[in-house]
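Counted the way the numbering used here counts, the sequence shown spans residues 436 to 1029.
Just so you know, the hints here were simulated from the structure itself, not pulled from any lab data.
Using N, Cα and C, we set each Cβ at its ideal position, and we do this for glycine too.
Estimated spans, in silico, between C-beta atoms of each pair:
#  : residue 1 : residue 2 : range
1  : D902      : E656      : 47 to 57 Å
2  : D867      : G722      : 51 to 61 Å
3  : G884      : P814      : 19 to 29 Å
4  : T640      : T787      : 25 to 35 Å
5  : T578      : V854      : 52 to 62 Å
6  : T766      : N890      : 28 to 38 Å
7  : G554      : N626      : 43 to 53 Å
8  : D813      : S986      : 16 to 26 Å
9  : T600      : D646      : 33 to 43 Å
10 : S687      : T640      : 19 to 29 Å
11 : A1021     : E939      : 24 to 34 Å
12 : N936      : A812      : 36 to 46 Å
13 : G884      : R684      : 36 to 46 Å
14 : T562      : N626      : 22 to 32 Å
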Amino acid sequence: MDSFYTQMEKWRLEMSGKFLARTTALSLAVVLAACGGDDGSAPIVNVGSGGSGTSSESPTTPSDSPNTPTASVALGTGSSDSFVEGQINAANQNLSAGGITTLSLSAVDAANGNELMAGSETEITFTSRCISSGESLVNTPVTTTSGLIEVEYEANGCSGNDTITATGPGGATAQQTLEIAQAFAYNLTSNAPEPSSIAPTGNATTARPSDSVVSFNVVDETGNPVKGAEVSFTLSYSSQASSNAEDVRLDSTSTTSGPGGTARTRVIAGEQNTVVRVIASIVREDGSSASTISPPISINAFVPDQDSFSLSIDTFMPNAQFHNNETIQVTINAGDRFNNNNLEGNTVVAFTTTGGSIENYCVLDASGICTVTWTSADPRPASGRVAILARSVGDESFRDLNSNDEFDNGEFNPDSSIVFEAGEAFMDFSTDRVFTNGTDQFFDDNGNGSYDGPNGVYDGSGCLDPDTQNCTEGPVTIWAQGYIVMASDAGIKATLTPSGNANEYCVTASGSTAGGQRVPLPTGTSISFSIEDGEIFSTTSDFSVENTYISANQISQCILAGQDDDLTTTPSLTVTLTPPSPYGGAPIERSISL
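With these hints in hand, go ahead and build the complete structure from the sequences.
Below, the structure written as structure tokens:
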């Protein structure tokens, strides 16, 4: 049987010969026409696009000419005398789990000696059991203008025999059967619970159910999905869970992975507030086991609300620009709509950052507090400034003016100084505290593909009558954002100059990023003034860079100093700057004569 590439060369030579013959016939027709012929004479060949037939002043297509034979498409391998109808050639018919092979075939004109269907478009569609289920990947349909077709087939969870059928115009078909080895379960990955925060049994609403679907993906040793693997599930309780929270249950403790290797179970809430996870386990072919644990699922009655959700940072300008593994603590304080602490373990807070790295979540304790660690590392924004975002599931805020324990119109925003709603959360890459389209990344809660700010409507569990009050039942994402500077102890520039006020002298200093951007010196940098042949009038001469976020790209510290009683000398004022650990360089000194 001719190979695919031999067929390509044969087709090229045949088409070359046909072109030469057609050109010769056309030349003969022109010569004869030049010799004469009356108006009724018919040319020997039709020089239009329709092949042989009656003359026409404009080109005709084969469908326009009643004498043009209609192509009869057949699919198979080879062409002309070597054509075998109904077959697809496979480079490898026996595939390993997740294996790849090449399928090739020809589309020929059965009415024209099984010549390749060249010069016109022929569309071929591939189908099979595994292609239809998504367990095998093939680019289909494909279009050929040469009559030769080649596609790649990839087993993506398919096992056993898979018969591939290629279908062309007029119902022409060809087939090939591949045998794909069984994939064996080797590992599991977890997906985010849907949703991640649910209400206790008896407290559910249409917007906030009491159950959550948890799914896992079973994969083989090469990372391909495995269908038909036995997966078992168990519950894991948070260390902060209530001791009587074991009324939470799973609707199934085992299942078989489906197409794509997905295995699901459902967590059904009990009556207590708690945080749970699901552990999924498999048994490998060698008898060993593998397991993974889902992200946390929070079961809670009263969730935190927006105006009770705040973020604090213990170090605003860490020495992080050129030092990895410098850490700061980021803390969330949260309360419910009564500003009471949320019950221990009933709220999960997720964190993201625009620079460095941060722990991905924490669970509120009995005081409504939880803390994560931010660590200096790449990426380091060019500006040196980093936003840290904390998000949770909760309510917007309202003030219950008539004390009926539910939202009524007019109670949403009576105090403009308090943030009752915040709109969709966003990562403030521009660090300007407002959403910037094209720069900042938002979290699309409503899935409409665009950022939505506050909607002016109360969304939360206090909405008991959405039909008559201007509210929805929620829940919504509540969030807070804090900012730090990845300060620098490198490329320090410092100047000591008079301020313009009597006897006042100020030092200004900054460090540099790798890109040359000026940034403040780190929190805790020592600033010490000394004077020779003069006197410091300020009550102290030793300072340090304060622990605060500053928008300026440099720090500044001033002191009062001047001449002492000895008027025959000229005072010299010196400032010494020493950045905090892990700085290992010499102190930076600047002096000025007064």
